[in-house]
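Per my numbering, the sequence shown starts with residue 1, numbered consecutively.
What the hints contain is simulated information worked out from the structure, not anything from laboratory work. Cβ coordinates follow ideal geometry from the N, Cα and C atoms, glycine included.
Okay, the calculated beta carbon distance ranges per label pair:
| hint | residue 1 | residue 2 | range |
| --- | --- | --- | --- |
| 1 | 81 | 138 | 15 to 25 Å |
| 2 | 89 | 7 | 36 to 46 Å |
| 3 | 78 | 5 | 38 to 48 Å |
| 4 | 10 | 65 | 36 to 46 Å |
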Amino acid sequence: MNAFLKRVWIGLAATLIVSLAAVVLPDQVQIDDDGRVHLGAPSSKPSGSASAPAPVPEPPSPPLMRDEVDEVIRAAVRAAGLDPEQGKSRVPAGSNLNRTGWTAVREKAAAPSEMKAICADLERQGWVLNPNGDSADASRSYKRGGWYLLVSTRGQTQAPSDTLSDSQTYLTVIGLQLNLSDIPLPEITVGMR
Numbered sequence: 001m002n003a004f005l006k007r008v009w010i011g012l013a014a015t016l017i018v019s020l021a022a023v024v025l026p027d028q029v030q031i032d033d034d035g036r037v038h039l040g041a042p043s044s045k046p047s048g049s050a051s052a053p054a055p056v057p058e059p060p061s062p063p064l065m066r067d068e069v070d071e072v073i074r075a076a077v078r079a080a081g082l083d084p085e086q087g088k089s090r091v092p093a094g095s096n097l098n099r100t101g102w103t104a105v106r107e108k109a110a111a112p113s114e115m116k117a118i119c120a121d122l123e124r125q126g127w128v129l130n131p132n133g134d135s136a137d138a139s140r141s142y143k144r145g146g147w148y149l150l151v152s153t154r155g156q157t158q159a160p161s162d163t164l165s166d167s168q169t170y171l172t173v174i175g176l177q178l179n180l181s182d183i184p185l186p187e188i189t190v191g192m193r
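Please model the entire structure based on the sequences and the hints provided.
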């Protein structure tokens with residue numbers, strides 16, 4: 001039984017790592033319909049999947065500073081009809097220049113439409129949708145100027161001070177500044193069955 005549980009945990013960990021890699025590195029990670037994961041250079045044969053849209057290249061834009069990303073998040077939250085001051089900053093100002101974010105407790109019934117409104121405003125502001133690994137009603141990720149934003153209606157904060165009722169969820173916008181273009185990835189193919 002221990003060997004079985006160990007294999008299950010390893011499988012779950014591998015799935016989580018591949019999912020996160022697909023969100024952060026859409027040009028470097030391809031997942032075929034048969035469950036094969038290609039890391040690094042694109043696979044030599046197309047997967048033939050009509051359901052997975054090709055990654056949209058990010059238009060050239062100057063690198064963004066953290067306060068600019070903070071203002072982008074506040075503007076998108078306001079465009080969704082929410083008060084940015086009613087949520088909490090994910091990272092205190094001045095503490096980490098590579099991370100930022102906002103989170104608020106929302107009603108589960110309203111959170112998906114609020115998330116869509118935030119996403120629509122991010123697109124209006126020029127953020128490029130990263131379709132890999134996203135769920136239309138639960139999470140979407142965007143990129144621009146060296147930053148990645150994940151908008152989500154699921155999950156919990158790292159140190160939740162709020163006790164959620166059954167009808168509530170967290171609405172979060174998480175921003176990370178990543179410069180992964182200088183890190184070459186070897187081509188690796190993993191079969192997940």
